[in-house]
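Asker: Spelled out from the first residue to the last, the chains are:
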Amino acid sequence: MTTPRPENFPLELLAAYADGELSTEDRSRVECWLAENHEALEDLETQEAFGPGNVDLWGPVSPPSPSADDWIATRECIGRQMRLANRVRWAGWAGTFGLLATAATLMFVLPAPQHNCVDPELPRDCDGLPPGSIDDEPYPMASSADVRIISLPESASGLLVVGEHPLRDSFLSFAKMSEVQFHNVGTDLAGRFPEVMNEAADDVLPMLWAPREP
Amino acid sequence: MYRFPLLSIACLLVGLGPAPAEPPAKEQIEVQVLAILVSENHKNVHPKLGEFAKLVQVKEPRLTGFKLEQTTVKSLELGQSEKMPLVGKEVVEVTVNKERNEKGRILLTITPPGMNQITYECACSKFFSMATEHYVGKGKDRQQLFIAIMASPCKGKK
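From first to last, the protein sequence lines stand for chains A and B. First residue of the first sequence: 1, per this note's numbering; consecutive thereafter. First residue of the second sequence: 1, per this note's numbering; consecutive thereafter.
The hints are simulated quantities; they were obtained by calculation from the structure and are not laboratory data. Treat the hints with care, since some could be wrong.
What the hints assert, rightly or not - Simulated crosslink set (DSSO-like; lysine-lysine; CA at most 30 angstroms straight-line):
hint, chain 1, residue 1, chain 2, residue 2
1, A, K176, B, K98
2, B, K59, B, K89
3, B, K59, A, K176
4, B, K74, B, K98
5, B, K74, A, K176
6, A, K176, B, K67
7, B, K74, B, K48
8, B, K59, B, K126
9, B, K89, B, K140
10, B, K74, B, K26
11, B, K103, A, K176
12, B, K140, B, K48
13, B, K54, A, K176
14, B, K26, B, K126
15, B, K43, A, K176
16, B, K126, A, K176
17, B, K54, B, K89
18, A, K176, B, K48
19, A, K176, B, K83
Using the sequences and the hints, build the whole thing.
Answerer: As structure tokens, then:
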């Protein structure tokens, strides 16, 4: 294969070289060509100026990556708000029950009940997170212990994310003739009875075979 | 004068009294239904169907491919019926009879595709199987539907 000449050398190949996206073979091809065509070095510098290696250019506009400490702090904030929301919910029920019991007892003793309700204050010290509420709880994800699959096509068994195959790891054991007793065997829609495999040998399944279509 | 406070305390005591006893939980029978597609045009046998394949081939050696198509496990009460999916729109209706037999075994009444009712009793945790005359596919893709049904648990003889 001949090295492309300056007039037909694709600029995209030079740009890919500047961005470090070429294979070893293509890189050596471009470097050979650059060694013979020094006038293209200017184009290469221009391409490199806009490449990902120019931290001065792309750094100010790249999105900040949260540190491990940022993730831990965010997780703690969510957990604190969830605990508080649960506490508020239970506190509300307990308060309601207490008020009802007090009101029922005192209704006949005091002329008029008086009580003050004070709403607990949610912490607002988590920067960047809205005030806590039940709606802010993370979606609870089910584990395999929470899911029981009732019916499963075998073609989907390899696609399960959570949940176990309905058969789990059980071994399929088929009944022997001595373990099955027929009480009533119906016919097919044409009035024919199925064939009953009821030989005494244990190597024969006590199966029913539906009558063959003629 | 003291009637109203005493009445309110009595009402509270009545309200806080023990809850009425719940009715005993009904016995649950776990029924497993397998839909198996059997072919004479391939030799792939599902790992769980090796024993089944050997026993079927005693009668029909030409049947060599055994594919597990659908597995369904449901809990039924004694006397309850349920339609279990097989393949396509085909179902098998399974009824767990109200009474166990004298050995504590479960009696099942099944209505397979194209058949009337069949009633049988089977040892616990063992599958009973049946070859239906329902086929899927055509030509080399033609497969015969077999079903296997198991119910558990049994109870010891009382």
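Asker: Does each hint hold? Answer for all of them.
Answerer: For each hint, the structure was consulted:
1. At roughly 24 angstroms between alpha-carbon atoms, K176(A) and K98(B) fall within 30 angstroms of each other, so this suggested pair holds.
2. Taken as a hint, the K59(B) and K89(B) pair is honoured in the structure, with Cα atoms around 28 angstroms apart against an allowance of 30 angstroms.
3. Using a Cα cut-off of 30 angstroms, the hinted pair K59(B) and K176(A) holds, with the two alpha carbons roughly 15 angstroms apart.
4. Distance hint between K74(B) and K98(B) is fulfilled; the C-alpha atoms sit about 17 angstroms from each other, no more than 30 angstroms.
5. Simply put, K74(B) and K176(A) have alpha-carbon atoms about 24 angstroms apart, close enough for the 30 angstroms limit, and the pair holds.
6. A threshold of 30 angstroms between alpha carbons decides the hint, and for K176(A) with K67(B) the separation of about 22 angstroms falls inside it, so the pair holds.
7. For the hint linking K74(B) to K48(B), the alpha-carbon distance of about 20 angstroms falls within 30 angstroms, and the restraint holds.
8. For the hint pairing K59(B) with K126(B), the CA-to-CA distance comes to about 20 angstroms; that is within 30 angstroms, so the pair holds.
9. The straight-line distance between the Cα atoms of K89(B) and K140(B) is roughly 22 angstroms, inside the 30 angstroms bound, and the hint therefore holds.
10. A C-alpha spacing of about 15 angstroms is found between K74(B) and K26(B), which places the hinted pair at or below 30 angstroms, so the restraint holds.
11. A hinted pair counts as satisfied when its Cα atoms are at most 30 angstroms apart, and K103(B) with K176(A) qualifies at roughly 17 angstroms.
12. The straight-line distance between the Cα atoms of K140(B) and K48(B) is roughly 24 angstroms, inside the 30 angstroms bound, and the hint therefore holds.
13. For the suggested pair K54(B) and K176(A), the alpha carbons sit about 14 angstroms apart, so the restraint of at most 30 angstroms is met.
14. Distance hint between K26(B) and K126(B) is fulfilled; the C-alpha atoms sit about 23 angstroms from each other, no more than 30 angstroms.
15. Restraint check for K43(B) and K176(A): satisfied, since their Cα atoms lie roughly 25 angstroms apart, inside the 30 angstroms limit.
16. Taken as a hint, the K126(B) and K176(A) pair is honoured in the structure, with Cα atoms around 9 angstroms apart against an allowance of 30 angstroms.
17. Distance check on the hinted pair: K54(B) and K89(B) sit about 29 angstroms apart at the alpha-carbon level, within 30 angstroms; holds.
18. As the CA atoms of K176(A) and K48(B) are separated by approximately 17 angstroms, the hinted pair is consistent with the 30 angstroms bound.
19. Of the pairs offered as hints, the one joining K176(A) and K83(B) holds, with about 26 angstroms between alpha carbons and a cut-off of 30 angstroms not exceeded.
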